[in-house]
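Undergrad: Sequence:
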Amino acid sequence: MKVAIVGYPNVGKSSLVNRLSESREAVVHERPGVTRDRKEVGTDWNGRSLSLIDTGGVDLDERDDLARQIQMQARAAVAEADLAVLVVDARAGVRPGDHDMADLLRRVSIPVLVAANKIDTAADLPLAAEFHSLGLGEPVAVSAAQGLGTGDLLDRIVAALPDESAVGAGGDAEEEPIRLAVIGRPNVGKSSLVNRFLGAERVIVSDLAGTTRDAIDLPMSFEGRALVLVDTAGLRRQGKVGESVEYYTALRSRRAAERADVALVVCDAADGVTAQDFRVAEMAMKTGCATALVLNKWDIADLDLDHERARVAQKLRLRPRVLTASAKTGRHVERILVESVALADRSRGRIPTPQLNRFLSELVAARQPPAGRRGTNQRLKLLFMSQTGERPPRFSIQVNSRALVTRDYAFFLENRLRERYRMEGIPLVIDFVERSERRGPRGRP
Numbered sequence: 010m011k012v013a014i015v016g017y018p019n020v021g022k023s024s025l026v027n028r029l030s031e032s033r034e035a036v037v038h039e040r041p042g043v044t045r046d047r048k049e050v051g052t053d054w055n056g057r058s059l060s061l062i063d064t065g066g067v068d069l070d071e072r073d074d075l076a077r078q079i080q081m082q083a084r085a086a087v088a089e090a091d092l093a094v095l096v097v098d099a100r101a102g103v104r105p106g107d108h109d110m111a112d113l114l115r116r117v118s119i120p121v122l123v124a125a126n127k128i129d130t131a132a133d134l135p136l137a138a139e140f141h142s143l144g145l146g147e148p149v150a151v152s153a154a155q156g157l158g159t160g161d162l163l164d165r166i167v168a169a170l171p172d173e174s175a176v177g178a179g180g181d182a183e184e185e186p187i188r189l190a191v192i193g194r195p196n197v198g199k200s201s202l203v204n205r206f207l208g209a210e211r212v213i214v215s216d217l218a219g220t221t222r223d224a225i226d227l228p229m230s231f232e233g234r235a236l237v238l239v240d241t242a243g244l245r246r247q248g249k250v251g252e253s254v255e256y257y258t259a260l261r262s263r264r265a266a267e268r269a270d271v272a273l274v275v276c277d278a279a280d281g282v283t284a285q286d287f288r289v290a291e292m293a294m295k296t297g298c299a300t301a302l303v304l305n306k307w308d309i310a311d312l313d314l315d316h317e318r319a320r321v322a323q324k325l326r327l328r329p330r331v332l333t334a335s336a337k338t339g340r341h342v343e344r345i346l347v348e349s350v351a352l353a354d355r356s357r358g359r360i361p362t363p364q365l366n367r368f369l370s371e372l373v374a375a376r377q378p379p380a381g382r383r384g385t386n387q388r389l390k391l392l393f394m395s396q397t398g399e400r401p402p403r404f405s406i407q408v409n410s411r412a413l414v415t416r417d418y419a420f421f422l423e424n425r426l427r428e429r430y431r432m433e434g435i436p437l438v439i440d441f442v443e444r445s446e447r448r449g450p451r452g453r454p
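The numbers in the working numbering rise by one with no breaks, and the one at position 395 of the sequence shown is 404.
Rather than coming from a laboratory, the hints here were simulated on the basis of the structure. From a predicted model like this one, the values you see are computed outputs, not experimental measurements.
Ranges between beta-carbon positions, derived for each pair:
| hint | residue 1 | residue 2 | range |
| --- | --- | --- | --- |
| 1 | 425 | 31 | 45 to 53 Å |
| 2 | 139 | 55 | 27 to 35 Å |
| 3 | 232 | 438 | 25 to 33 Å |
| 4 | 172 | 428 | 49 to 57 Å |
| 5 | 171 | 420 | 57 to 65 Å |
| 6 | 118 | 440 | 54 to 62 Å |
| 7 | 129 | 232 | 44 to 52 Å |
| 8 | 439 | 60 | 38 to 46 Å |
Heads up, the beta-carbon is just placed ideally off N, CA and C, and yes, glycines get one too.
Make the full structure from the sequences, and use the hints.
TA: Okay, structure coming up:
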């Protein structure tokens, strides 16, 4: 069941979402206007599963483009919700903006509750009574900071929601969705690309860098597969992350990559792959997820694609694919989703042992394994190969002596394995396990 949390800017909506969900999923800052997109955070109460939709602060008198998009996102949250909670600042009293929001909510066909926030002590309880004037019923006195009254609010929410059986709850367990994180520098078109994937203006897009502040999970379906897109805040160079709100949004972007199956590092094709793009890609690959680079704004770029791909192959050990797209025109956008699903499947899949051992034989034929130091007759032997894990793929190779495995030959093997099974951009773990050669009677060779 979805619950939209709406209200005027800086009344404590995100703090209340965090308190109700017992998490820190929503970005909280004393500065108004930090939340912009709508973000869903899961919780449960008395056996009911709830999805709390955090929204940006709505001031209906604001007329600039960003404010209008925030208003549109809040309206969309209410339209898809089963219940709405109007959060008000009890200390500030009833403001014109509260009446505007109440007028809007009276016209919807779902239950609406009023949460009078910032009532931090029993002495503040009378402040909630003023909000009867909104005409939305008995206000619930709460303190997002202290946790007071939040249990009562959850009780009221659960009581007002329709019965789950009446809306067709239940069903068989579905295949685990593929999590696709869209990350990159600020203002390279991440949110535009996400909206193009979804076919809807689901996240706010602005020419102003840093518009996205949260990591927003967005479920979708593609060719019968369940995906979760994660739109993230732009990642600046560490030295340029000056304010605390930007530090925490960057932290959420990194955590989004840690939870993802695939990370799409979006770059501005007009700039090519920059040093910061390489750092973002390295960060994503270190989390263990499969990675691809996307040169967005390809419709206006004048770039040597082969040169960029050669640079990426030279600088990034995992050699991720470099794709081109235009969020504005939709060019190659579907191909990116096809490649993302394929990357996730290859990262999750297993390669049969007979195939791996044929690969090992061909590898030895192509390049003889290294020998030991001069004066010894010993040479590295690759005896047997199998896959021992996935996400990321992990392989075990039995050898006669681990000491004979050189860094150069290990890289050669890894690169050939990646090329053979199309695992560009997928982290691989290769364990070289020493196995003593069989000996004859009485220990003689």
